[in-house]
Each structure stands twice: as C-alpha cells, then as structure tokens.
Amino acid sequence: MLDGGAIGRTAQPVMRLHGVGYRSGNTDILSDVELTIAAGVPTLLLGPNGSGKTTLLRLLMGLIGPSEGRVDVSAVDGVNTARRAFVFQKPVMLKRSTAANVSFALSAAGFPVDPLVVASLLQRVGLAALADRPARMLSGGEQQRLALARALARQPGILFLDEPTASLDPAQTKAVEDVVAAIAATGVIIVMATHDLGQARRLAGDVVFLVGGRVLEQTPATQFFDQPKTQAARRFLAGDLVI
Amino acid sequence: MDGVGAFSLLLSGDPALFAIVRLSLFVTLSAVMLAAAFGLPFGAFVALTQFRGRGGVIVALNALMGLPPVVVGLLVFLALSRSGPLGFLGLLFTPGAMIIAQAILIAPIIAALTRQVIEDLWVEYCDEFTAMDVSPLGRVAALLWDGRFSLVTIFLAGFGRAAAEVGAVMIVGGNIDGFTRVMTTTIALETSKGNLPLAIGLGLVLIAIVVAVNTLAWSVRQWSERHAG
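Chains as they are written, first to last, in my numbering: chain A, -3 to 239; chain B, 726 to 954.
These aren't lab readings, by the way, just hints derived from the structure by calculation. We treat Cβ as the ideally placed atom computed from N, Cα and C, and that holds for glycine. There could be a bad hint or two in this list.
Claimed, not checked - Cβ-Cβ distance ranges computed for the label pairs, FRET-style:
{"id": "1", "chain 1": "B", "residue 1": "Arg777", "chain 2": "A", "residue 2": "Gly21", "range": "18 to 28 Å"}
{"id": "2", "chain 1": "A", "residue 1": "Ala167", "chain 2": "B", "residue 2": "Thr940", "range": "37 to 47 Å"}
{"id": "3", "chain 1": "B", "residue 1": "Gly791", "chain 2": "A", "residue 2": "Gly58", "range": "36 to 46 Å"}
{"id": "4", "chain 1": "B", "residue 1": "Arg779", "chain 2": "A", "residue 2": "Ala181", "range": "43 to 53 Å"}
{"id": "5", "chain 1": "B", "residue 1": "Ala866", "chain 2": "A", "residue 2": "Arg231", "range": "46 to 56 Å"}
{"id": "6", "chain 1": "A", "residue 1": "Ala71", "chain 2": "B", "residue 2": "Leu789", "range": "45 to 55 Å"}
{"id": "7", "chain 1": "A", "residue 1": "Asp28", "chain 2": "B", "residue 2": "Met758", "range": "53 to 63 Å"}
{"id": "8", "chain 1": "B", "residue 1": "Phe874", "chain 2": "A", "residue 2": "Ser163", "range": "20 to 30 Å"}
{"id": "9", "chain 1": "A", "residue 1": "Arg132", "chain 2": "B", "residue 2": "Ala866", "range": "11 to 21 Å"}
To be verified - Chain A is nowhere near these chain B residues, computed Cβ spacing over 10 Å in every case:
{"id": "10", "residue": "Ser733"}
{"id": "11", "residue": "Phe767"}
{"id": "12", "residue": "Leu800"}
{"id": "13", "residue": "Phe813"}
{"id": "14", "residue": "Val891"}
Bound-form chain B, shown alone (with noise of 0.2 Å):
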C-alpha cells in the first residue's frame, strides 16, 4: 500500500518534493565540487612531494576518510553558531552550512584516493617526466589529466558519501521545511511521523539518483577510454 502511494506521489509531480530533491542535488555537487577544490590539489601535493610528516598526513587523510558524520556536524555547528569562531557569517542553518559540513566529509576521502591514484601514476611517469623536465605544477596538472578516468570514481565516491549523509545536514540544516529540507532528513523525519508513502517515494528516488549518476559516469568513462586511450 506504502509503496503505491510512493509511486502516486511521485507520478503526480509533487511540487514540495521536487524541490527537496533539487536542494539535495545541489547540496551534494557543491559540496563535491568544494571538496574536489581542496582535495585534489592536495591529494596530488602529498602524492608528490617528500617532507618530514608526509607519512602521518597519510595516515592522518585515510583515517578522516571514516569521520562521523554528527561529529561533523557538531563541530560545525559550533563553528558557526553565532557565539563561533565563524558566527559572524550567518550560515548556521542556511544550505551553505551543509554544504560545508559534507565538503568536509568527503574532502578527506577525495584527498586521500586522489593520492593514491597519482602515486601509483607517478611510478609509472616519474621516468619520462624527469627525462622530460617536465615542472613540478606541470607534473601535477598532467597526472591528473592522465589520472580522470580513476577520478571519476573518487568523484562518485565523494557523492554517494555526501548523498546519503543525514546527521551532519540535520545538526548544521536545521532540517527547515522548504529551506534546508532535503532527501535524508525529509526520509528520516517522515519516517518517524509514519508518513511513509513520502519516505519511501524519497528513498526511491535517492537510490534513482545515484544509481542514474554512477550509470552516467561509468558510460563517460567508457567512452572516453576508448576515445582517448
């Protein structure tokens, strides 16, 4: 019964949930794009560079790639809270806010595969790059060009973390109705009143959405591969 009423819903092109799907969009590819920004550069700098410490960055990165999501969104929510160090900004409960506390969910993880991957390139390049004389910024530009079809998969990573993430956006979201509402937290909430048909028909298209994502990403993967070696 619960699951007609799911698939009535989303049939019937339901306004309110459209838009908590497209905040949850947006929450989740800006805060993998915010992620990718750090994470990448960084992941590449550690991947490429020797100094005193590099060992238990590493360490460090793998370990945070498992951070808790409500301590996240604890420590953010005090950050921004307004008697916090970022008070002052007034994101707290705001979309900027989520988006902040997933980037640094799924920063960790990018960094750290993003190291892994253009490390394991590096052995194969170092070579030729040295031979080449090939600069340091062009080293690490042309590693992660040469490395995108395995990024592709960190990227997929970063979002199948950051959309399904529910305790970092309730603490720093608020969970507000029509303001920082999205998938998880609607899922979690109509849950607990047992208005399921929602619950369900949200879950549903979640899992739609990754699946649809991933789908994509693997057909450009292929393409490419095959189009550009």
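The shape of chain A in the complex, shown without the other chains (with noise of 0.2 Å):
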C-alpha cells in the first residue's frame, strides 16, 4: 500500500464527477455517482465484478458520456490533465511488431516516431529485448506491459487502468505491478480498476468502492482497510460475496 492517501488532504483534485448516472438501455449501470480523483498517489476503483468499475473508468476517460450529472476536469500544476490513456482489462494488440504498436501509439498521439523513444518505452516497460516479435506473438502479461509502453506514449496526465492483470500469473502480475508503481512514481495519476483485494493493498493510495453502480466508500487505502465504513465494504473486506 502506498503512503497516505490523496483524499482528504490537500493534494490537488483533477477530476470530480458530480451526480453522475449511466444507463444502458434500462438498466442503471452507474447511480449518482459523487467522486473526486487527486493527484499525488493511485485511485484504485474496487469492488466484485458488475459493480460498475469499468462503464466508471470509461466515463472518466471520455470514450462514454455521463447519463446524467457532469465530469468536470481541473488543470493542476505539472499535470496535463488533458491528456489521458488507457489501458483495457484485454488490450488489442495491433498486427504488427512490439516497437511498431509503440511508433503507432506515438503518431496517433501526434509525436514523431523517434526510434529512440520507442527503444527508451519499452526499456521502460522491460520489453526492449522483444522489439522486433510480433505484439501478438507476447504473453498475455507482455501483451499488458506493450499496452503500458503504448498508453505512455502518449504522456499522459492521467492513465487509467482496467483490470490489467485480471488474466495473469503472479509473476507477470507483478512485473505489471512494478511497472504501474513506477510509473505512478514520476507523477501521473494512475486510476485503476481491480477486484482483487492483494492488489490493491499494494497498490492503492485511495480506494473508491463500488457495488451495485454506487460509490459506498472514498477514502485513503489505511482507512478502507483498517476501518471499512460500510458493512459492504466489510463484507467484502471478510471474503464474503458481496452482489
């Protein structure tokens, strides 16, 4: 677990949805959703599987519009919190090379494909020396780590994360782990999604806990784990199958 917690200190708040709804056909897949994202240490979004984790994570990256309520983003200093990734819980590789799905990502995102920052990304992500393989060709863990070299092409502000080892081993678990706290480390906002509960003990600096397509808690990581709010949340916390 990562050291305090953004929430309810003075890190800065980049992005704040205000009575946010989304409903798919008739279903409420997210209900009036109250949530500030912070700068400073990671927002992991939790909670069992239908919870709304994802449908949340796309609606702060913009690939889907509220139902109801509003997104507001802030700009914060040494963030470009324009500029956002994101990583699927099952990334689409492109056809063709480790280092071409880099150079691709980089020209989508308007940069000038740099052989060297292609070369510098994937050192970052420790895929130097698999440059030249067919992306689909990597494991499901290396696939995952191409994802991250793709989304930190593009320098963003703020990345978001879906369930990134939802498929993986512990050990590309944790390469993939390793990678996202290291990113974390040079300042951009990570806001992830995960339903495991060892994840995010390792991860989180704040946690938001979803069930039901409601926030029930936002808190610092120490808090929800040592003193869980609501009964759900202990639940949860216990083992139990929370729905």
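Hints are included, so try docking the two chains, each in its own frame, into the full complex.
See below:
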C-alpha cells in the first residue's frame, strides 16, 4: 500500500464527478456517483464484478458520456490532465511488431516517431529485448506491458487501467504492478480498476469502493482496509460474496 | 489425342500462345489494381462512416458482386463507342477497354469484401483507437494494414473473377488477333473452330496461373502471419 492517501489531504483534485449516472437501455449501470480523483497517489476502483468499475473508468476517460450529472476536469500544476491514456483489460495488439505498436501510439498522439523514444518506452516496461517480435505472439503479461508502453507514448497526465492483471499469473502480475508503480512514481495520476484485494493493498493510495453502480466509500487505502465504514465493505474485505 | 497436342503446343514455346498469356495477365492484373485503388478506400469508408443511405450502399455493393459480365461489357461498349460519352478516348477494342470492363466487374467485389473485413476489425479496434485519438485517416490506413492478410484473399477473389471472365472482354476488346485476344476469348473461339489442342493448352495454362497465384498468395500469407503476427 502506498503511503497516505490523497483524499482529505491537500492534494489537488483533477477530476470531479457530480451526480453522475449511466444508463444502458433500461439498466442503471452507475447511479448518483459523487467522486473526486486527486493527484498524488494511485486511486483504485475496488468492487465485485458488475459493480460498474469499467463503466466508471470509461466515463472518466471520456469514451462514453454520462446519462446524467457531469464530469469536471481541473488543471493541475505539472500535470497535463487533458492528455489521458487507457489500458484495457484485454488490450488489442495491432498486427505488427512490438516496436511498431509503440510507434503507432506515438504517431497517433501527434509525436514524431523516434526509434530512440520507442526503445526507451520499451525499456521502461521491460520489453526492449522483444522489440521485433510480433505483438500478438507476446504472452498475456507482455501484451499488458506493451499496452502500458503505448499508453506512456501519449505522455499522459492521467492513466486509466482496467483490471490489467485480471488473467495473469503471479509473476506476470508482479511485472505489470512494478511498471504501474514506477509510472505512478513519475507523477502520472493512476486510476485503476481491480477486484483483487491483494493488488489494492499493494498499489492503492486511495480506494473507491463500488457495489451495484454506487460509490459506497471513497477513502485513503489505510482507512478503507483498517476501518471500513460500510457493512458491504466489511463483508467484501472478509471475503464474503458481495453482489 | 487433343491433350497430347495441347502439351506439345505448350512445350514448343509457341510465341503466339505466350503473347496471349502475357496480355491476359497484363489485363487481369491491371484491372485488379485499378479496382483495388477504388474498392479498398471505398470499402473502408463505408465500413467506418455512418451516413444516410449507408444500408442501401451496402446492399448495392453486395448485389453488384453478381454483375453479369455481358451487361458490363455492353455498358462499357456503349460508353466507349464513337458516339458514346467516352468515345473521344478511342479506347474501344483496345486492352484499355478490357481493363476498364474487368475493373468495373471486380471493384464491387473488392469494395464489398473490404467493407466486411474492415468493419469486423473496427469492432475489435474501436475502443483502442478511440482511446489513442487515432485520426479518421489513420484509422483507415491502420485497419487496411492490419487487415492485409484478409485483403490478399479478397484480391484473389477479384483476380479469379477477372481471369475467368469472357463476355465483357469479348464485347469491348473484340478478340482481335495479336491485339486484344486473351486466354478466355481464345479458348471460346478455338473451341468453336474445333481447334481443341490450343483451347485445351490455354485452359491448362489458365488453371495453372490461377493455382500458382493462389499458392503464392497463401505462402506469402503464411510467412507473413508467422513473422508479423
């Protein structure tokens, strides 16, 4: 667990959700979400499957718009909050080499494709030795790290990650978490969804706990794990099935 | 007996026969490239763009895949004939007219199949490209590139259709000996004249070319998929 938590401290808020709801057909996926994402430490969206974590991330990224309420983005010193990147749970690899995937992301972000930059990005995620390998032939963990390299190519101020280790073994999970922690240490604001309590303990500075499309708690991670406020959080932490 | 005659004709390296084969390949490959120059971007545009009447365009493209060659030949003939709107080009009864007719025949095939391939890929890539802020032109280029192995198969479908085509090139080319005579029209003519060795020989060459092109494309695809993912 990272030290402290941004919530309630002096950390600057970068995104605020006011009464946000998202509806798909007749189903409410998110309801009345009040949420603040702050700079400083990683924010982990925690909750069981189907709690609305992915939808919330997509809303924050701007991939979908809210059915109600609004999402405000604030300027913060030293953080380009307009430039955001997203790593999906199952990232799609372009049918080209590992290095070419990063080159594509650089080009899409409007940056010149410099082989040195590509090599540096691959180095950061530990894939320098696999630069020429077809991206679709990488293992699941390597593909997630390549997705991280592509996201970093955008030089994001905020990085959203949707359960990036959901289907990985412990070694690959550690490799991805190490990269995420290293990115967070550079000042990039991390917002990550997970239903893995161990991962939340290892990475979270702040925790947003969702159940059934509602935010039940938003609190520093130490407080969430030591003194959860809601019965649902206590049951979730105890390993009970929370639906 | 005819089969033996056909093989001896092929083995003799008859220059007239090989001139016909060369012209056939030139016309067919040119038509495929011309059709691809239109069909690829148009198919990708329809796949990635929402506009009024899009459904009608898709239905029309699919329907045009079954265009009757003789009807296309007739329309191109009327357009290129001296009194037609494009008569000033002086293309009627030239290989150029044959290329145009074949390109019109296979452009809908390439466009319709490209649309399907790109649309399927877009479903897979949509979120990533949106998150990456890939520009509309960048999307088209990237999807065409990533769909390249499927597009090879589409080219083969177009090539097969053009290579086997008789009616349209007969009408607009005129089957002029040494000038617009290609394999299919020669086979039709020589069969009607009873010159079966030449007809069979050309038939064998035609089949061999189609098989060779497909084998080459399959090999390239296999190699590329192993090396490019």
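Quick rundown of the hints versus the structure:
no.	hint	verdict
1	Arg777(B) x Gly21(A): 18 to 28 Å	25 Å, holds
2	Ala167(A) x Thr940(B): 37 to 47 Å	43 Å, holds
3	Gly791(B) x Gly58(A): 36 to 46 Å	44 Å, holds
4	Arg779(B) x Ala181(A): 43 to 53 Å	48 Å, holds
5	Ala866(B) x Arg231(A): 46 to 56 Å	51 Å, holds
6	Ala71(A) x Leu789(B): 45 to 55 Å	53 Å, holds
7	Asp28(A) x Met758(B): 53 to 63 Å	59 Å, holds
8	Phe874(B) x Ser163(A): 20 to 30 Å	26 Å, holds
9	Arg132(A) x Ala866(B): 11 to 21 Å	19 Å, holds
10	Ser733	48 Å, holds
11	Phe767	22 Å, holds
12	Leu800	39 Å, holds
13	Phe813	45 Å, holds
14	Val891	38 Å, holds
Checked against the numbered hints listed earlier, the structure breaks none of them; every hint is satisfied.
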